[in-house]
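J.: Protein chains in written order, with the numbering used here: chain A, 1 to 349; chain B, 1001 to 1277.
It is worth saying that the hints were derived from the structure and are not from the lab.
Treat the hints with care, since some could be wrong.
Claimed, not checked - Derived CB-CB ranges, DEER-like:
no., chain 1, residue 1, chain 2, residue 2, range
1, A, S265, B, T1105, 45 to 53 Å
2, A, D180, B, R1003, 27 to 35 Å
3, B, P1066, A, G289, 33 to 41 Å
4, B, T1033, A, N55, 38 to 46 Å
5, B, R1160, A, S114, 53 to 61 Å
6, B, A1108, A, P63, 43 to 51 Å
7, B, N1134, A, P63, 49 to 57 Å
8, B, G1088, A, R175, 32 to 40 Å
9, A, L107, B, R1003, 36 to 44 Å
10, B, P1102, A, S114, 26 to 34 Å
11, A, L107, B, H1173, 27 to 35 Å
12, B, G1088, A, K262, 25 to 33 Å
We treat Cβ as the ideally placed atom computed from N, Cα and C, and that holds for glycine.
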Amino acid sequence: MIDLKELILPKDNLIPLLRKLNKDARLVIPVKNDHGDTLFTEISDLDTTEIDLINQPQASLKPFFLPQQETLAHYSINSNQYCFTAPDAAIDTIFFGVRSCDLTALLYMDLIFSKPSKDATYYDRRNHSLIITLGCNNPFENCFCEATNSGPYLEYGYGLQFIDLGDRYYVSAGRGRGADLLERWSYFFHEVGEEDHKVRYQLFLEARGQFSRNIQLTHACQKLQKETVPDEIWQSLAERCYDCGGCAYVCPTCTCFSVDDKPQSSNTGIRVRSWDACTSDGFTRMAGGHNPVTRDRQALKRRFLHKLKYDFASHGKASCTGCGRCVDICFGGVDITTFIELFTRQQNP
Amino acid sequence: MNRSFIPAQTVIREIIPENDQISTFRIEIIDKTILFTFLPGQFLMISVPHCGEAAISISSSPDALPLIDLSIRRAGKLTTAIHAMKKGAQLGIRGPFGTAFPVETFAARNLLFVAGGIGLAPLKSVIDHCLFQNGVEEDAVLSISLLYGSRSPSDIAFQRVINEWQEQGIDVHLTVDEKDEHWNGAVGRVTELLDDTRTANNTTALVCGPPVMIRSVIDRLKALGCEDTDIFITLERHMKCGMGLCGHCHLDSKLICTDGPVFSVSALTTMDVMELC
């Protein structure tokens, strides 16, 4: 009997396998669009779509689980009374080509949205999802997942993990639906050989050696538990933060949101949940105008301290997955790596 | 459906004007099968169709259930819409949320309430509850005093209930920042009413008001010898969920909605309290 936990998938079998999977579920895979952007995209036709497993998807999986704007409920007003109706339920979705950092971020979101009770819309989508990751053999320019312990390959959390061995994938199954899927479609796969093991390990070592940035993330987290960040550091970061919110929006672990009613007519509307960013000036502004955390008071420090100080203290792990997207997007150059570098260089006075 | 974000409907039974800007809305949940209870200090998320939600503390005692009082200052779009409502109109509520004052520890203690403006609202819930409990000997507090600051005599809110409290033996001292020709009471900050006669042993202080006031009252109480563990404050922040998810009400490592709004000052000493004001 073959071990269903680890198998080899010849690359020629990938599209036929995905076609089978697509019969029962929506498929979401990185695709390069006409603008040259690689984005997770719902596949309508596997034969005419060019899957991009080379480039890093510019957005994480976050929008599929916590959409930029989602309808929590439709409402109508009948003599000043709210009547709520539910939005559409989630549909089964298989995500393929997900990078290790993005799955790690999703596991963090699972934690956030499980208290005080499981968030119904988030978990509806989550329970209808299966994540197939692709280990990174060639980390991207601004990636530092090794420092955040979230890549380049993963140990757990995935439905299936694919590692590209050239003409074949080394596939590992997680618990539950991932293993079921391998069993059901086992005829696409063959057993793992001695050589496959060796090649996989060699690629793993090579991948780890390719990180161009050495980010002292854990050191920064530990130092933050003991030391206060000097005001000069906050000041120099705040001066070059333009309050665009880009870092929070591309960040796979930034989950802050707003809830608002959006009128659709005089007596109907939707209650929506939409992304918000703690770096924004209005994030903490109260009715009447009082604002306890303004830009002058370095609103952006919340973002770094939340991820590196408070989450490290409460979960033993920073909520940064080293995906590097905030580094890519910040035109002021005041992303999380800049903060870590400034703070870890700082000598204890 | 994401039930966590769907409010229960209530009907406004009574509207009590407290001053030019503050009115108390006495509401009752329509669906009698909904189990609802709360503790003094907790808050609700209030919904008005098309306006969204705001966090409002409950100003009545749980002993007054099924009636719930919300004392609301007209400050933004949503509160202005509420102020335009009449008796019989409906409000949505979610909650209760947040931590409560430790009323179970107040028996046989002297309670000192220090409030500024609308800040009396959450403390009123405690005062009313303590007055109700006074009928039960083992839960009775030793004494209740209230120091209440307002901007001007016409800004003094809750005048009717303050008169009732005085009739029931509460030691009330009012002060205003600016007096008018009819005012012959104290003028100045509420901290100026604080002296060592009010902070004798066995005193628990409960403070709510503008952030600057809270800070100066804490400093003054500590200077008078109050222990951090005997001072409780309640804070106000912009909130979107009330459940510890949306992130808006952060204060250092805490979230006001789930770690607060009621804090013992001893819990604040480890925090960046600069953010308080």
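J.: For each hint, tell me whether it holds in the structure or not.
T.: Results of checking the hints against the structure:
1. S265/A / T1105/B: 45 to 53 Å: Holds - the Cβ-Cβ distance for S265/A and T1105/B, about 52 Å, lies within 45 to 53 Å.
2. D180/A / R1003/B: 27 to 35 Å: With Cβ atoms ~31 Å apart, the hint holds.
3. P1066/B / G289/A: 33 to 41 Å: Holds, at about 35 Å.
4. T1033/B / N55/A: 38 to 46 Å: 55 Å Cβ-Cβ, so the 38 to 46 Å window is violated.
5. R1160/B / S114/A: 53 to 61 Å: At roughly 46 Å between Cβ atoms, S114/A and R1160/B fall outside 53 to 61 Å, so the hint is violated.
6. A1108/B / P63/A: 43 to 51 Å: violated (57 Å)
7. N1134/B / P63/A: 49 to 57 Å: holds (56 Å)
8. G1088/B / R175/A: 32 to 40 Å: violated (56 Å)
9. L107/A / R1003/B: 36 to 44 Å: At 25 Å between Cβs, range violated.
10. P1102/B / S114/A: 26 to 34 Å: Given a distance of about 28 Å, which is inside 26 to 34 Å, the answer is holds.
11. L107/A / H1173/B: 27 to 35 Å: violated (55 Å)
12. G1088/B / K262/A: 25 to 33 Å: holds (27 Å)
When each numbered hint is compared with the structure, violations occur for hints 4, 5, 6, 8, 9 and 11.
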